[in-house]
Amino acid sequence: MNEHIVKAYEDELNMLTAECARMGGLTEAAVADALEAVVRRDQQTADLVVGRDERLDVLQADIERKAIRMIALRQPLANDLRRTVAAMKIANNLERVGDLAKNIAKRTIVIIESDPMVPLTRSIERMGRLVVTRLKEVLDAYTSSDLERAMTVWSRDDEVDEHYNSLFRELLTYMMADPRTITACAHLLFVAKNLERIGDHATNIAEIIHYEITGDEAIAAERPKTDPLQR
Amino acid sequence: MTRQRDDAHAQGVSTTISRASQAGPKVSATDISVFYGDKQALFDVSLDMPDRAVTALIGPSGCGKSTFLRCINRMNDTIPGARVEGRIILDEEDINDRGVDPVLLRARVGMVFQKPNPFPKSIFENVAYGPRIHGFASTKSELADIVESSLKRAGLWAEVADRLQAPGTSLSGGQQQRLVIARAIAVSPEVILMDEPCSALDPIATAKIEELIDDLRSQYCIVIVTHSMAQAARVSQRTAFFHMGTVVEAGATDEIFTNPRDTRTQDYITGRFG
Numbered sequence: 001m002n003e004h005i006v007k008a009y010e011d012e013l014n015m016l017t018a019e020c021a022r023m024g025g026l027t028e029a030a031v032a033d034a035l036e037a038v039v040r041r042d043q044q045t046a047d048l049v050v051g052r053d054e055r056l057d058v059l060q061a062d063i064e065r066k067a068i069r070m071i072a073l074r075q076p077l078a079n080d081l082r083r084t085v086a087a088m089k090i091a092n093n094l095e096r097v098g099d100l101a102k103n104i105a106k107r108t109i110v111i112i113e114s115d116p117m118v119p120l121t122r123s124i125e126r127m128g129r130l131v132v133t134r135l136k137e138v139l140d141a142y143t144s145s146d147l148e149r150a151m152t153v154w155s156r157d158d159e160v161d162e163h164y165n166s167l168f169r170e171l172l173t174y175m176m177a178d179p180r181t182i183t184a185c186a187h188l189l190f191v192a193k194n195l196e197r198i199g200d201h202a203t204n205i206a207e208i209i210h211y212e213i214t215g216d217e218a219i220a221a222e223r224p225k226t227d228p229l230q231r
Numbered sequence: 232m233t234r235q236r237d238d239a240h241a242q243g244v245s246t247t248i249s250r251a252s253q254a255g256p257k258v259s260a261t262d263i264s265v266f267y268g269d270k271q272a273l274f275d276v277s278l279d280m281p282d283r284a285v286t287a288l289i290g291p292s293g294c295g296k297s298t299f300l301r302c303i304n305r306m307n308d309t310i311p312g313a314r315v316e317g318r319i320i321l322d323e324e325d326i327n328d329r330g331v332d333p334v335l336l337r338a339r340v341g342m343v344f345q346k347p348n349p350f351p352k353s354i355f356e357n358v359a360y361g362p363r364i365h366g367f368a369s370t371k372s373e374l375a376d377i378v379e380s381s382l383k384r385a386g387l388w389a390e391v392a393d394r395l396q397a398p399g400t401s402l403s404g405g406q407q408q409r410l411v412i413a414r415a416i417a418v419s420p421e422v423i424l425m426d427e428p429c430s431a432l433d434p435i436a437t438a439k440i441e442e443l444i445d446d447l448r449s450q451y452c453i454v455i456v457t458h459s460m461a462q463a464a465r466v467s468q469r470t471a472f473f474h475m476g477t478v479v480e481a482g483a484t485d486e487i488f489t490n491p492r493d494t495r496t497q498d499y500i501t502g503r504f505g
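Each protein sequence line maps, in turn, to chains A and B.
Those letters in the first sequence? Residues 1 to 231, by my numbering.
Those letters in the second sequence? Residues 232 to 505, by my numbering.
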């Protein structure tokens, strides 16, 4: 790719992408830490995740402001336009992921109050690790503009969905067997649901990367779906 | 909307710019080469321009877009040493046929230049001149009607109705440009060529011309050369990118500006080194 004739324009575009990548790193850490907090029953880590979420909100607002400024002042076109819009959309997705991570962390306090349910926690951990990996892969694909890698994440969204569906059934079994676990299980169900949605956001980001690189937005309609309600 | 665009390197392949709702192109250029003496300015350019739509020609200085525009109303005929090869079909007629009178052709294919060039006559006479010499009006009131409707269509009537006898040159730059557009449409053209019509105008006057272009689009085939990417994006439905005397890429404007196929197009419209 040739450089822009106007150097400051080139710098601003690079800064926008870099800030988005930085936000991605923080979001990824938030999800990993939130998962850690639930699995290890670690209130301190949970509090940290909740406290750090505001930073993500600030970053998202900043990226959005910079992208809008870029559109107003530089009128980006073609790949530059797609890059600007992609940064804005990815920041939005990451902000949502941050909120979901915060929500997971907040549930830790209730989950800690009940007795540990080891097999369930393991299932949550497996699903969580898978989601964190997906998020990491898609963010790596973003920073390296790697279409193939982004598409790998995109095509494997159903694995997360399958984990969620089986966890859902597992939780139901627990609750039916011992009603005293219902409170904790309900919270774990939300944790699982949040993880599943984080997986969806990773897939969204893969689609945004696809648009940024190819200019083709049609892919969103083709995503493989596993719908638990259709089973 | 169906679209077909030429491959990056398939120069000379016709770029069919047609919309499903429309029949064939209004103007169809095939393998146009232009020579100024020994120097070749255009190389086998083929481009279709649909009716009732704006086609924008973009590209760096010296890429041949103005040369191409001038082929469409045979303005290159007037340049000593200029030679044009290839075919330009307007409706079903080859405009370079021996039987075609260039003066009559230029009534069918009007042109607006970068710098407004009103005649050193009154506002009224500027617009009345064409219809009069082409015999479009048999009475004075008919002529006055043509002048009024042309000025109205050019969006200038309200500003000049009370001073039609004032010299055309007394108007502001933007008004003068609309005056020459009124002059062009007074002879009922089918095609309007515009060579950077707004480059000498301020943003308000530019906006008025752009609004006018959008308005005229419903009746004419408009071809506009512009150096402003933003203007091409705003006013046109089709865009052709010229580079070093060839058409690199032509297609729907929104596609060209969001997802160009050729890296040369991309580099040019995004302001990178070519």
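Hints may be right or wrong, so weigh each one.
[To be verified] Below, a sample of chain A positions facing chain B; criterion: calculated Cβ distance under 8 Å:
hint: 1; residue: 4
hint: 2; residue: 58
hint: 3; residue: 62
[Unchecked claim] No farther apart than 35 Å at their CA atoms in a straight line, the calculated lysine-lysine pairs in the DSBU-like style are these:
hint: 4; chain 1: B; residue 1: 270; chain 2: B; residue 2: 383
hint: 5; chain 1: A; residue 1: 7; chain 2: B; residue 2: 383
hint: 6; chain 1: A; residue 1: 7; chain 2: A; residue 2: 89
hint: 7; chain 1: A; residue 1: 7; chain 2: B; residue 2: 371
hint: 8; chain 1: A; residue 1: 7; chain 2: A; residue 2: 106
hint: 9; chain 1: A; residue 1: 89; chain 2: A; residue 2: 106
hint: 10; chain 1: A; residue 1: 66; chain 2: B; residue 2: 383
hint: 11; chain 1: B; residue 1: 383; chain 2: B; residue 2: 371
hint: 12; chain 1: B; residue 1: 371; chain 2: B; residue 2: 352
None of these hints come from the bench; they were simulated from the model.
Positions of the beta carbon are idealized from the N, C-alpha and C atoms, including for glycine.
Hint check results:
1. Here the hint on residue 4 of chain A is kept, as its CB sits about 5 Å from the closest CB of chain B, short of 8 Å.
2. Given hint, residue 58 of chain A at the interface with chain B, is violated; its Cβ is 30 Å from that chain's nearest Cβ, farther than 8 Å.
3. Annotation: residue 62 of chain A was flagged as interfacial toward chain B, and the flag is violated, the nearest CB pair being 24 Å apart, outside 8 Å.
4. Annotation: proposed proximity of residue 270 of chain B to residue 383 of chain B is violated, straight-line Cα distance about 43 Å (limit 35 Å).
5. Pair hint residue 7 of chain A plus residue 383 of chain B does not hold up; C-alpha atoms about 46 Å apart against a cutoff of 35 Å.
6. Distance hint between residue 7 of chain A and residue 89 of chain A is fulfilled; the C-alpha atoms sit about 25 Å from each other, no more than 35 Å.
7. Of the pairs offered as hints, the one joining residue 7 of chain A and residue 371 of chain B is violated, with about 61 Å between alpha carbons and a cut-off of 35 Å exceeded.
8. Annotation: proposed proximity of residue 7 of chain A to residue 106 of chain A is violated, straight-line Cα distance about 45 Å (limit 35 Å).
9. A distance of roughly 26 Å separates the Cα atoms of residue 89 of chain A and residue 106 of chain A; the hinted pair therefore holds under the 35 Å criterion.
10. For a cut-off of 35 Å, the pair hint linking residue 66 of chain A to residue 383 of chain B is broken: about 43 Å separates their Cα positions.
11. Straight-line distance between C-alpha atoms of residue 383 of chain B and residue 371 of chain B comes to about 18 Å, which keeps the hinted pair within the 35 Å bound.
12. Restraint check for residue 371 of chain B and residue 352 of chain B: the C-alpha separation of about 18 Å stays at or below 35 Å, so the hint holds.
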